[in-house]
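Sequence lines, in order, name chains X and F.
Under this note's numbering, think of the first position of the first sequence as 42, with each following residue one higher.
Under this note's numbering, think of the first position of the second sequence as 11, with each following residue one higher.
Among the clues, some could well be false.
[Said to hold, decoys possible] Quick list of the computed label-pair ranges, beta carbon to beta carbon: (1) Gly350(F) <-> Leu305(X): 42 to 48 angstroms; (2) Ile361(X) <-> Ser93(F): 29 to 35 angstroms; (3) Gln216(X) <-> Asn103(F): 53 to 59 angstroms; (4) Thr243(X) <-> Asn103(F): 20 to 26 angstroms; (5) Leu175(X) <-> Glu240(F): 21 to 27 angstroms.
[To be verified] Coverage of chain X stretches by chain F, computed from C-beta distances (three or more under 8 angstroms per stretch; other residues unrestricted): (6) 93 to 103; (7) 141 to 153; (8) 240 to 249; (9) 256 to 262.
The set of hints was computed from the structure by calculation and includes no laboratory data.
Where is the CB? At the ideal position from N, CA and C, for every residue including glycine.
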Amino acid sequence: MANKTVTKTAGTNKSFIDRMGGQKFIVLLIVIALFIFFCAMSPGFRKYTTVVSILDYSYYITLMAIGVAFPLMTAGVDLSIGTGLVCYSLIGGYLIVHQGWPTGAGMVVSILLGVLFGILNGCLVAIMELPPFLATLCTCMITRGVGSVVVGGFGIPWPTAAAPGGWFRSIFKIQVNGMNIPIGFLWIILIVIIMTFVLNHTKMGRYTLAIGSNKEATRLSGVNVRFYHIMAYVICGFFAGLASISYSAIFATVQPGSGAGFELEAIGGAIIGGVSMTGGVGSITGTLAGVFVICLLKTGLPFIGLTANWQQIITGLVLIVAVLFDILKRKKEGK
Amino acid sequence: MKKKVLAVLLGGCMVAGLVAGCGGNSGDDAAKSEGGSEGGGYHFEVVVKSFQSTYWQAALQGIEAAQEELGVTTNATGPNAESDIADQVNMLNNAINQNPDGIALAACDQNSVIESLQSALDKEIPVVCFDTGVPDAPEGSVYATVVTDNEAAGAVAAENMYEVIKDTIANATEPVRIGEVNQDATAANIIGRGMGFINKMKELIEADGKTVAVIGNQLYVDSVENNGDEASADVIIEVAVPAQTTVELSATEAANIMNKDDTIAIFGSNQVTAEGVLTANQNLNVLAATPDEGIVGVGFDAGATLKAAVADGTLIGAVTQAPVDQGRIAIETLYKICEGEEVSDVTTDSYWYDAENMEDENIAPNLYD
Numbered sequence: 042m043a044n045k046t047v048t049k050t051a052g053t054n055k056s057f058i059d060r061m062g063g064q065k066f067i068v069l070l071i072v073i074a075l076f077i078f079f080c081a082m083s084p085g086f087r088k089y090t091t092v093v094s095i096l097d098y099s100y101y102i103t104l105m106a107i108g109v110a111f112p113l114m115t116a117g118v119d120l121s122i123g124t125g126l127v128c129y130s131l132i133g134g135y136l137i138v139h140q141g142w143p144t145g146a147g148m149v150v151s152i153l154l155g156v157l158f159g160i161l162n163g164c165l166v167a168i169m170e171l172p173p174f175l176a177t178l179c180t181c182m183i184t185r186g187v188g189s190v191v192v193g194g195f196g197i198p199w200p201t202a203a204a205p206g207g208w209f210r211s212i213f214k215i216q217v218n219g220m221n222i223p224i225g226f227l228w229i230i231l232i233v234i235i236m237t238f239v240l241n242h243t244k245m246g247r248y249t250l251a252i253g254s255n256k257e258a259t260r261l262s263g264v265n266v267r268f269y270h271i272m273a274y275v276i277c278g279f280f281a282g283l284a285s286i287s288y289s290a291i292f293a294t295v296q297p298g299s300g301a302g303f304e305l306e307a308i309g310g311a312i313i314g315g316v317s318m319t320g321g322v323g324s325i326t327g328t329l330a331g332v333f334v335i336c337l338l339k340t341g342l343p344f345i346g347l348t349a350n351w352q353q354i355i356t357g358l359v360l361i362v363a364v365l366f367d368i369l370k371r372k373k374e375g376k
Numbered sequence: 011m012k013k014k015v016l017a018v019l020l021g022g023c024m025v026a027g028l029v030a031g032c033g034g035n036s037g038d039d040a041a042k043s044e045g046g047s048e049g050g051g052y053h054f055e056v057v058v059k060s061f062q063s064t065y066w067q068a069a070l071q072g073i074e075a076a077q078e079e080l081g082v083t084t085n086a087t088g089p090n091a092e093s094d095i096a097d098q099v100n101m102l103n104n105a106i107n108q109n110p111d112g113i114a115l116a117a118c119d120q121n122s123v124i125e126s127l128q129s130a131l132d133k134e135i136p137v138v139c140f141d142t143g144v145p146d147a148p149e150g151s152v153y154a155t156v157v158t159d160n161e162a163a164g165a166v167a168a169e170n171m172y173e174v175i176k177d178t179i180a181n182a183t184e185p186v187r188i189g190e191v192n193q194d195a196t197a198a199n200i201i202g203r204g205m206g207f208i209n210k211m212k213e214l215i216e217a218d219g220k221t222v223a224v225i226g227n228q229l230y231v232d233s234v235e236n237n238g239d240e241a242s243a244d245v246i247i248e249v250a251v252p253a254q255t256t257v258e259l260s261a262t263e264a265a266n267i268m269n270k271d272d273t274i275a276i277f278g279s280n281q282v283t284a285e286g287v288l289t290a291n292q293n294l295n296v297l298a299a300t301p302d303e304g305i306v307g308v309g310f311d312a313g314a315t316l317k318a319a320v321a322d323g324t325l326i327g328a329v330t331q332a333p334v335d336q337g338r339i340a341i342e343t344l345y346k347i348c349e350g351e352e353v354s355d356v357t358t359d360s361y362w363y364d365a366e367n368m369e370d371e372n373i374a375p376n377l378y379d
């Protein structure tokens, strides 16, 4: 289903691009092209430290994007992941910094909070039948408020790498002979492999896509649609929880009131990577590639000397092209 | 279906009520700061931007100091977050209804409070604004405004940075670069600070016989008088503004400047951008105490991360505003008004702090977490 192919002669003759994975393959080519372009244009970009920075800043967006791909594939959306991420990170960090909890316990709380809000989102959408946009917009506001109330307006500095309890920062980055090794990317690859398997070879994944394609038909074929619909949001919440940990690990301070807008980068990444906003289509590897288009633009554009306004214009244009591409492809398939 | 929707709405209302109730209570409990009742003095209401942040706790210290000194009483309130504008307007109206002898106000939003200020004027309650002015306030309602002189604050950063880098600039045979990361090009205080730094740095460098060119963000570049030519200048000041106010984008902008071989110093002009400089340094590891060893970093404001970086020497220092002074002066100004004295606007100083002086008793209270 993820790779509907343009049938030329009785469906046997796939084009080269389709055989390589369709949109995913094109996006991967774009990522490579962008990387080469920025390397050629800026000496600062060519440095190893820049690559480490890009990876550092990509973890939380990637994790959010993998999570939000599931609601997107059910033809829904989750707007609460950005402010949710900050909320879970604030509360987990508050318990560690101000209540003396061990770091591990605070991290578990962060993830559990993500799951909890995932269940709430899922129930609002699947049981109460609220439109996903509205339901998750509300939880977006709630998470933003809850985070600020719990910490009382304070920024939360999670323990630094050298401080006691700072071990969690080395989940994503370790130092060997004074050089930073971004091992977080290995975890991301592992997660992408696991979630690709979940999406393509388990009931959870197949039913998620089925709900997005045709909810009624899925229900009539005896699937517990309500349960799997809720689970799509729970997965999303769980990944927002994981993203909150990667955010806490990379950045020194988490500020209450921030986080709005993070979700758009994650959703944008998933869509560039071929997840359809109308549901039923998508892949995790494509999402990963899509996120890197966004991350490369975010880091690369300042390096080639473009100022803030131009960065926004170009990022907006790229998103339009990606969505247009999706629509054109769909039209072509519809014929 | 209808029942379900109703149930959700009712449930939502209950949760909202709970949250609002709890928030309000905790605010009120903490907010009571009844002080010295001796002297039979005046009673002032204080409305701050967000009661619970440490910046405002520092302001409250100054308010308490003033009430002891003057024998007045104060009652301070404020919303949970600086963005809770409607809550604050409510609190301001409540304060007016209590007919205090004066009100000290740090407005979350410059426009939302105008109507309330009119009713304060009608009731002849004097208002002193602190931290943030209300430029369009009804004529006669705001007696005085107590704010940071942001241009001077930026200049303090430039002066202290120049002390460390001036020999390198004097001896340089090739052009050198100084970076500045500003959170935005829209807020008056950030622009004031950014330009304060640029103008002072330019003045100091030119006084020593070198030429300066300012490049980067258009608004800042256009605001510079007699800007030099980038191709021939001895010193280039590069101004970066992130596309959004996040640590990550600030860090990217900072990393871009810090990656250049000719960069000798960098200034982050508020907490977010200063933390951006530090985040970039996590991977680059170039910040140092002198230009010979690396890049000299200077920050602005406080917060745990910034304070730690100043204490361990990653940044050579930072500039902090004076919330304690602002709180104290706001109450003193109200007192003067009640005593029938003439008052005028006050700008408060900013302090340079580094590893040496951050424990001093006139600095430490201003360094909030």
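So, going through the hints one by one against the coordinates:
Our hint of 42 to 48 angstroms for Gly350(F) and Leu305(X) is violated, since their Cβ atoms are close to 56 angstroms apart. The hinted range of 29 to 35 angstroms is satisfied by Ile361(X) and Ser93(F), whose Cβ atoms lie roughly 30 angstroms apart. Range check, Gln216(X) to Asn103(F): about 55 angstroms between beta-carbon atoms, so the 53 to 59 angstroms window is met. Checked against the hint of 20 to 26 angstroms, the C-beta distance between Thr243(X) and Asn103(F) comes to roughly 57 angstroms, which is inconsistent with it.
A hinted range of 21 to 27 angstroms for the beta carbons of Leu175(X) and Glu240(F) is inconsistent with their spacing of about 51 angstroms. Counting residues of the segment 93 to 103 of chain X whose C-beta sits closer than 8 angstroms to any C-beta of chain F gives 4, which meets the bar of three, so the coverage hint holds. Three residues within the 8 angstroms Cβ limit are the bar, and the segment 141 to 153 of chain X against chain F gives 0, so the coverage statement is violated. Requiring three or more residues with a Cβ within less than 8 angstroms of a Cβ of chain F, the coverage given for the segment 240 to 249 of chain X is violated, as only 0 such residues are present.
Given a C-beta distance limit of less than 8 angstroms, the hint that chain F covers the segment 256 to 262 of chain X is violated, as 0 residues qualify and 3 are needed.
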